[in-house]
Each structure stands twice: as structure tokens, then as C-alpha cells.
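If you read the sequences in order, they're chains A and B. The letter at position 26 of the first sequence is residue 26 when you use the working numbering, and the numbering goes up by one with no holes. The letter at position 141 of the second sequence is residue 141 when you use the working numbering, and the numbering goes up by one with no holes.
Please keep in mind that the hints were generated in silico from the structure rather than gathered at the bench. Warning: the hint list may mix true and false statements.
Claimed, not checked - Lysine-lysine pairs mimicking DSS-like chemistry, simulated, CA-CA at most 27 Å apart:
id	chain 1	residue 1	chain 2	residue 2
1	B	24	A	171
2	B	121	A	171
3	B	117	B	168
4	B	24	A	176
5	B	121	B	168
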Amino acid sequence: MAEDRRGDAGDDRSAGDPVADAFADGPAFVPYLAVGDPDYESSLAYVEALAEGGADVIELGLPFSEPIAEGPTIQNAVARALEAGMTPTRFFEFVEDLDVDVPLVCMTYYNLIYQFGSGQGPRPFVERAAEVGISGFVVPDLPAEEAGPLREACDEFGLHLISIVAPTTDKERLEKLVEVSSGYVYVQARLGVTGASSSVSDRTGESLARLSDVDLPKAVGFGISSGEQAATIVEAGADGIIVGSALVDIVAEGHERGESTEAVADRLETKARELKRGALDGYGRRTPAPEGTSD
Amino acid sequence: MSSEGERSGTGGDGGEWIAAGDGKFGRYGGQYVPEALMPAIEELTDAYERYVLNNEDGFMDEFRRRIREFGGRPTPLQRADRLSERYDTEVYLKREDLLHGGAHKLNNALGQVLLAKYMGKERIIAETGAGQHGTATAMAAAHLDMPCEVYMGERDINRQRPNVFRMKINGSEVTPVTTGRGTLKEAISETMRDWATNVEDTHYVIGSVVGPHPFPKMVRDFQALISEEAREQAIERTGDLPDSVVACAGGGSNTMGAFHEFVGDGSVDLFAVEAGGSSLAVDEEEGVAPNSASLSTGSEGVLHGARTKLLQDHDGQIVESHSVSSGLDYAGVGPELAYLVDEGRVTPVNVDDDAAIEGFHRLSQEEGIIPALESAHALAYLHEQHEELGEVTVVNVSGRGDKDLESVIEETTRRDVPNAPDMSMFEGGL
Ligand SMILES: Cc1ncc(COP(=O)(O)O)c(C=O)c1O
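Generate coordinates for the entire structure from the input sequences, incorporating the hints supplied.
Right, here's the structure in full:
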């Protein structure tokens, strides 16, 4: 796959693609939070805590009313954020207000991208995202078949479109996906919807093996909740780990118990450190000695 | 239009291979679903082409035999004598309420469960609003010996208890969905989540002409039996095509079923009657539309796998819909119907909750047919606009109203319905 987009884009986007850099040395820790959960101010503090805890890329969930790819944890987070008034416009303000030095990826559903700027297609949304410093998108309800217009807009503004590869994705589909993908590949560790789980799917190794020819970093997500799981996955060859529900659970618990924003932020930071540490440990455990990431 | 030349209702006429097309109806349609589902959708598209469009292994023959013997097709096209007299036009009722299970939903449910069987799937899941689709799927699954789980919004479970019982009695699981307002929209989202988890051995029997390609076309093809029969029956009875066809539109499956074979008949006016609810306005602040009129008042967007007309706020958040009838209570509509509306071929209209309740009582009293509250919308439109409909009108009675009796009693006592019987004896519940 000599013509992967990282190569193409790298040329005109200068050497410093922050997403590529995040994966450049050692495994990347990629946390997710629903933006605005449970409210705007706390959410700012929570995202900043993840950066403090060692995040290499942060996925910021822009809440959509019909999150069909999410399990109960993130569904509830999205509902809390919407209830508290989160909108695409507020989301972009949020990104501007954030004080972090980590590449940011916007995770949302296609209808919000499409409607922004009165339903004229994805371009206005991408333009605004580029303005506030977003580096890319993950759009769970946009398979390669429908990704054309968003890919085009991303190319125009120098943003990544990160594709999700599922355990059901075969070689043929993989090729289609890689054609529209850049930044990294989101490897879905198991079938189903988002949600923390106590065991790591043994399909992860299989998926990574299938992706061995793909010249993009592979970040594995869905179900990771502990440093030990992070280690196992990185040891199996992942270039990064994506963790959502386990972090959202901390936010939800804090909210239910009425804890202070600082207390919850502290716990998020601690959890982030555990996950990042786990990823590094897994990297160290690789045999033979680590040869760097897949390229 | 992109769907022309693909009429599959008649199945394998030998020779020519018919392709499913690209799933687009003009700007509408498509496949907006998680990647995990795409291989299953490709597999389904392939099965749709082979079995439905090309009658491979005699699939369509078996479907037609079963829908006749198990389902009770053809359903009659009945002249409604008193309504005809009242409106001084010829009114014909397509009696889908007489189909097994009491609604048009069986056409699609039986088709899809049979297809799942041909595909070697081991488990059936479905969502349901009014419970009619759930019931039809449960019946088809029992008939074809497949395990079945049905997702249903909690609010709809309360509105449609008789259908919940029927699903369970037929051996299906009924899983309540508590998110959002607990109606069809949430049930569809939840069924998609189940499908994404169990996609390798499970088929999702979607309940209307909605969702990702190939569902809108495939469901339409199974439902097209309605217009195939109605068209022949009308010609037989009156010597000519009707002047208009009227059907209620939730997702739009009975609408597309009733319209499909007439789409090419330019002289036949097609009216899709939506639920006007209590008002056509949308409250963006609250995120609710007190109606389900996505064709009349919605805007283009992407929901549940397709680009179509939706009830949404200006950010693109889907708003909660409302209708007195749970089968119409959905914020989206089938992409083909949206396309036919844009093309000017189908006229979207709506009637409000009050008119629907009146329509319910009118048909019950004047013709001895208790219609589903969904179908009552089509009858209410006939009542309001009969002068515009020409000399011969076909109204699709998509289902019977037994499931709605509790709701009707409650809704009738809550308002001033001029043609309602005295309900006082029901005070304190059924
Ligand atoms: C009797 C009846 N008619 C109509 C509908 C609306 O569905 P659609 O518009 O998809 O035919 C339903 C849905 O449950 C129904 O039960």
C-alpha cells in the first residue's frame, strides 16, 4: 500500500503531522470522552486530566441523539451531555477552550457532520474543525461506501479520516477501507457496541494479523478497561489502545455520587496513567525486542 | 428512477440476471451503518438478488405459496358501500387487516424470515412500534421454526399490550427498550446494536421500507403484493385504474406496497398520509415534534442507515416524534418515498390525532371494520379530501384495530370526539 494517505498528506502537510507523531515512538494511548458530560466546565477539566495522565491522541465525542454504535455507558454519557446543552457549535467552542497539547480527533455520527452549515454536506463542518485545531474524525456510521464526500473535505483541509476495522472485515473490504483512511486505523477488538469488559477478545490478534500489510498505525479499541489489558493488546502488536467506556464510567460514577470535578479529574488522570503504563509495559514485553511500530 | 426495471414481485422469469442496484433513490438511500455490519449487508444484498429478484431455488415461488396458504392472500378489495354513498365517490378498501396477524406487516416479515432461512441464519431479531411487525415476525419465525427476539420501546409496550402477548405466545422474546421516549426510533437503534453484536448468525428483519440498502427495496418488493393485487382487482371491478390510492405512512411500507405497481400509472394519484399529531410545529428547544410528519415537514438527513427525510433540529439531532398511533410514531421515512415525493409522484399529506380517532370510529360504525389507528389516518384523509380524490379511490386498510382498543378508549374519553359512542362504561379500565 505504497499510496497510503499518510505518505500523500505528509508531503503537503509538512513533517509535523501531530497524529503521526503521536504514534511515532512507542505505543499511543488514545482515550475517549463524551464532550459536555456531565457539563461543559467539568468536561474541560476531565479532558485536560487525560492529557496530564499521558494521552497521546484524544478522541472527543460530539454527542448525537442516536448513537447506534454505543453501549449503555456511552449512550448515557451522550444523553447527559445533550441534556446539559452540548451542540456542534458548543463543541467547537469547547475545543478552542481546551488547554492541551495533544492531537484531537472528533468522534461523531454523520448526520451532525452533514447538517452543519445547513445541510450542504460535510465541508462546513470540516472547515470549522480545522479552524479550531481538530486533527481528524472517527465516524462510526460511515463505511467506506459512503465516505467519499467527507474524505474529500478532509483532504482539502488536511484532516484525517480514521476508519474502523471490525472483526468481520475481510481482505477485500479492508482494501476499500484503507483507500479512504488516514491517521490511524481503529481496530474494533470485538463485535458489538462500545463498553468496557473484563476480558480481551482473542479476535484482536487475528485482526492485527490481517492488518499487517496496512501501512498505518493500528489502535485497538472496544472493551479495554485496565492497564493489564492494554499491555496484552500492545504486546500482541497494537500501535495504540483506545479506551472509552472505562473512562466514561469514572465520569458517570463521580456524577452519581456528587463528587467534585477535581476528585473525578484526579481519578481520570490516575486511570490514564495506569493505561499508558500498561501500554508501555506491553511494548517492553514484545518478543523479539521491539522493532518499533508496524512500519 | 434507479429502481425501475427491478420489479421483482413476479420473480424469476428466467434468463436475465437482475441486480439490486446501488441502493440510491435520487439523493436518498445508501448504507450508513457501522463497518461491522457491512459484510452482512453485502451478504444480504447478494441473497436479495439471487432469491428475491432472480427466484433462485424457487424462493419467490415458496414465498408466494406460503403467503397464500399461511398468510391468507390475496386479500379482498372491498367496495365500501356506505362510505361511497356518503362521499358520492367509489371507495374501495384494500383489506390488509384480513391478512394473518391483522396487518400488512406479514408480507415483509414472512419474506424476510424465509430469506434468512435460505441464507442459513440461525436467529431472527426485529424491532416493533405498534407491535404489528413484531407480531408478524414472531408468527413467521414460529411458522418457519426460527428463534426470535423483538425489541420494543417501553412506552409502546404499554400502548400495545395485546401484541406483546401475541409475540410471547408465539414463542418470541420481547425486550423492552427504555432509552429516549421508548418508541420505535429507540427500538430500531437497539436492534441495530444487537445486530452489530450477533451479526454472524443473526438476521435483522427490519419492519418497514427504511434502513440501509437493500432493506428499502427488499421490503418494498415483499409489500408490493398489495398493489399488484389491488391494481388487478380494481381493473376487474371497475374496468379501469383507480383515480387515487391513499395509504398511511409511518416508515412507509404499506404506502410503498400500495403504491409500487401504480407508480408507472401516471393517471393514478398517490397520497401518503402522515400523522399530523397534535400540531405540525417542532419545538427545537425541547427536541420534540408533536407529529410524525417527516415527509411533510422534515428535512434531509441520515438516520438508521439511510439518507432520507427526517424530523431533526437545525444541528441534526433527531427530535422525538409523536402520534396517537404507535405504528406511525417515527422520525424518519423510507428513502424511496422521500424520493417519490421530491419527484412529485407521491403527494405527502397529513391528518391530526383527533381526525384519526374520528376516522377510527367512522369506519367501525359505518362499515363494520375496526381499523388500526394507523389506517384510520388514511380514512380520515378520505373524509377530509374526498372531493379531490377523483371518482374511484382505493384506501389501504393496513391493519385491524384490535391492538388499539385500549388506546382508543383512553384517547376518546380524553377528547371531544363527535362521532364516538358513549365510553363511560369503560371507566376504570378494561
Ligand atoms: C396497521 C399498521 N399500519 C401501518 C403501519 C405503519 O408502518 P408503515 O408505514 O411502514 O407501513 C403500522 C406499523 O406498525 C401498522 O401496524
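Next item on the list: For the pair supplied as a hint, residue 117/B and residue 168/B, confirm whether the alpha-carbon distance does not exceed 27 Å.
Entry: holds (21 Å)
Check: Regarding the pair residue 24/B and residue 176/A, is the alpha-carbon distance no greater than 27 Å?
Finding: holds (20 Å)
Note to self: What's the verdict on residue 121/B and residue 171/A, does the C-alpha distance respect the 27 Å limit or exceed it?
What the structure shows: Holds. Residue 121/B to residue 171/A sits at ~23 Å (cutoff 27 Å).
Checklist line | 27 Å limit on alpha-carbon distance, applied to hinted pair residue 24/B and residue 171/A | finding: Status holds; Cα separation ~26 Å.
Margin query: Hinted pair, alpha-carbon criterion (27 Å max): residue 121/B, residue 168/B. Please report holds or violated.
Written below: Holds, because 21 Å separates the two Cα atoms, which is no more than 27 Å.
The structure shown violates none of the earlier numbered hints.
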